[in-house]
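Q: In the order they appear, the protein sequences are chains A and B. In terms of the working numbering, the first sequence opens at residue 311 and continues consecutively. In terms of the working numbering, the second sequence opens at residue 6 and continues consecutively.
Hint data in this document are derived by calculation from the structure and do not stem from the laboratory. Since no wrong hints were added, every one of them can be taken at face value.
Restraint-style ranges between C-beta atoms, simulated for each label pair: (1) A:Ile371 <-> B:Val30: 38 to 46 Å; (2) A:Val356 <-> B:Ile355: 30 to 38 Å; (3) A:Gly358 <-> B:Leu135: 35 to 43 Å; (4) B:Val424 <-> A:Gly358: 29 to 37 Å; (5) A:Ile419 <-> B:Leu139: 52 to 60 Å.
Chain B stretches covered by chain A per the calculated footprint, using a threshold of three residues with CB under 8 Å from any CB of chain A: (6) 184-195; (7) 396-407; (8) 410-420; (9) 459-466.
Predicted model only: the values in this text are computed from it and were never measured. Don't be surprised by glycine CBs; every beta carbon is placed ideally from N, CA and C.
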Amino acid sequence: MTEDVERTPGAGPSHRAVEIGVAIATIVFALIIIYGSIQAGINWGVEGPRAGFFPFYVGLIILGASVVNLVQIFSGLTKDGLFADWSQLRQVLSVVIPAAIYVALIPWIGIYVASALLIGVFMKWLGGYGWPLVLVISIGVLLVTFVVFERWFLVPLPKGPVEQFLGF
Amino acid sequence: MEEIANLFQGFAVALQPFNIMVMVVGILLGVIIGVLPGLGGANGVAILLPLTFSMSPTSAIIMLSCIYWGALFGGAITSILFNIPGEPWSVATTFDGHPMAQQGRAGEALTAAFTSSFVGALFAVIMITLVAPLVARFALQFGPAEKFGVYFLAFCSFVGMSKEPPAKTVVSMMIGFALAAVGLDAMTGQLRLTFGSETLLTGFDFLIAVIGLFGIGEILLTMEEGLSFKGRSATINPRVVWQTWKELPRYWVTSLRSCIIGCWLGVTPAGATPASFMSYGVAKRVSKRGRNFGKGEIEGVVAPETAAHAAGTAALLPMLSLGVPGSPTAAVLLGGLLIWGLQPGPMLFIEQKEFVWGLIASMYLGNLVGLLIVLTCVPLLAAILRIPFSIIAPVILVLCAIGAYTVHNSTFDVVLMMVFGVVGYVLKKCNYPLAPLVLAIVLGDKAEEAFRQSLLSSQGSLGIFWSNGLVSSIMALGLIAMFWPLISAGFAHFRPKPAV
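Starting from the given sequences, assemble the full structure and let the hints guide the process.
A: Printed below as a string of structure tokens:
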């Protein structure tokens with residue numbers, strides 16, 4: 311998987327491996343679409359082409375183009391080198407993981423509290439700011455979004471126990 | 006001269022106090038969106054779209070299109086001061102814009118960029134005013150086959166024009182079509198591709214895809230690059246502006262050529278980015294000072310900025326008159342039209358005169374307001390970029406999440422947005438273009454409907470797409486666009502080589 315480590319300072323997944331992974335993923339996606347289309351019916355009914363007719367051919371085209379992509383990867387037409395080195399991926403994950411937890415928390419504690427927590431964690435953990443600034447910014451953003459959405463645009467956002475306790 | 010009268014009525018609409026306020030707010034938001042990493046025109050408009058549901062469609066489109074103009078202006082600021090192109094079409098602006106800033110001529114470069122943007126946009130708006138009604142009138146005679154032909158042409162030009170490998174463009178585009186097909190089939194009323202899941206009943210909303218792919222994906226890319234903004238400070242004072250303006254008319258040939266390149270490429274999808282590069286390349290080859298390009302030549306700022314803005318504006322021409330957007334942002338605007346209950350396409354010019362001409366008039370005014378705002382607010386906007394990314398990133402994440410939630414008031418959409426974000430990051434890194442994916446989600450149902458209706462009328466024969474002169478020429482143009490790289494390579498092969 312990491313055959314060209316020596317070319318770059320850090321190590322990480324190679325571009326080729328990720329490209330192969332993506333091509334396989336698109337092939338699987340194509341097969342799902344083709345299967346679903348066949349379920350919906352790909353032939354002609356009394357009403358003309360049935361629901362699966364169009365997506366079936368879309369699936370076939372994805373399948374064909376993905377195979378072309380795979381062939382091109384194996385014939386060496388893609389770029390060599392790393393997809394990203396581990397330190398870069400760690401950076402990316404340091405956003406993805408808190409963001410995923412944030413998204414998972416929204417239905418339980420509401421978007422406002424979750425957002426304030428996310429901003430706080432980011433600033434404290436990645437930015438290394440002191441508590442006063444962290445609190446000011448995270449609570450400030452919370453209040454501004456609350457006023458803009460609930461009061462100004464009258465768009466209710468998901469709320470949790472804290473808002474209920476405060477009577478909203 | 007019915008168009009002139011319509012345009013004046015449009016100005017009357019656009020000049021209503023509420024609409025002017027909406028315009029200024031839109032431009033300001035747009036410039037900020039264009040300056041911030043991780044927020045661009047397309048997903049900025051997508052996030053704010055749900056907030057406009059309560060407005061009248063005309064005010065809503067004025068606000069959203071002004072965000073688009075603002076984002077186009079904003080891209081130049083980051084390119085020149087920070088050497089970070091805020092949008093792909095501002096990449097060419099960095100070539101000469103940033104060297105100018107390093108030489109302490111940032112004010113001059115910014116003035117030139119903003120003014121050229123304005124000129125390019127103005128040229129394109131005038132073209133839209135004159136040409137769009139004609140195209141719309143012509144398109145009224147289109148049947149389903151011709152409509153499908155236009156979609157075919159739009160998607161083929163993506164395959165032929167984009168820098169990415171054609172097979173990857175096709176995969177990305179078809180994934181969009183497949184996602185658009187999920188849910189209720191509008192023609193038969195049958196469910197498809199839902200695999201028994203209730204959350205998939207309503208299908209995939211393009212807004213969620215845009216916010217995820219462009220918003221979250223972009224934040225991840227920025228994060229990976231590690232952020233160290235090393236910007237040049239800039240002040241613009243009236244004297245610099247005046248001096249630059251005195252110098253600019255000298256480049257009128259470059260400017261005119263860039264306007265034409267921009268309009269030409271802008272009406273085809275994927276226009277603005279190739280337009281800016283092409284315009285820069287041509288200017289470099291033609292100019293007497295071409296050798297100095299890349300070292301801080303003002304002409305090297307004028308050319309790409311004019312073309313990019315002309316193309317970005319011209320992208321609205323096919324959206325308004327044919328219902329085929331020329332750029333991802335135009336695609337989001339088109340999706341907005343559908344949500345507000347308007348049918349994009351030629352009938353707009355007949356049924357929604359106030360809307361269409363109000364929008365066109367607001368394009369004149371919006372760009373003028375935009376020019377004034379960016380010229381006066383540069384120091385403030387540059388200060389935004391100095392806010393550390395560890396504060397900006399979570400705030401943008403929160404905005405994206407709120408934007409995704411408000412589309413259908415569903416927390417599942419927020420999860421979906423995250424998934425699209427990670428997928429977008431990987432696809433982008435592997436050179437899969439994202440714009441065709443988004444365009445296909447927006448247009449998927451309409452393209453499919455046109456395709457199936459055509460087949461219905463021909464009893465399943467594909468010959469319907471070659472049944473008359475009009476549809477045959479559209480389809481032929483599509484094929485030429487798709488195979489253009491091969492065709493031009495063929496021409497180059499047979500052309501006698503110049504003596505060395």
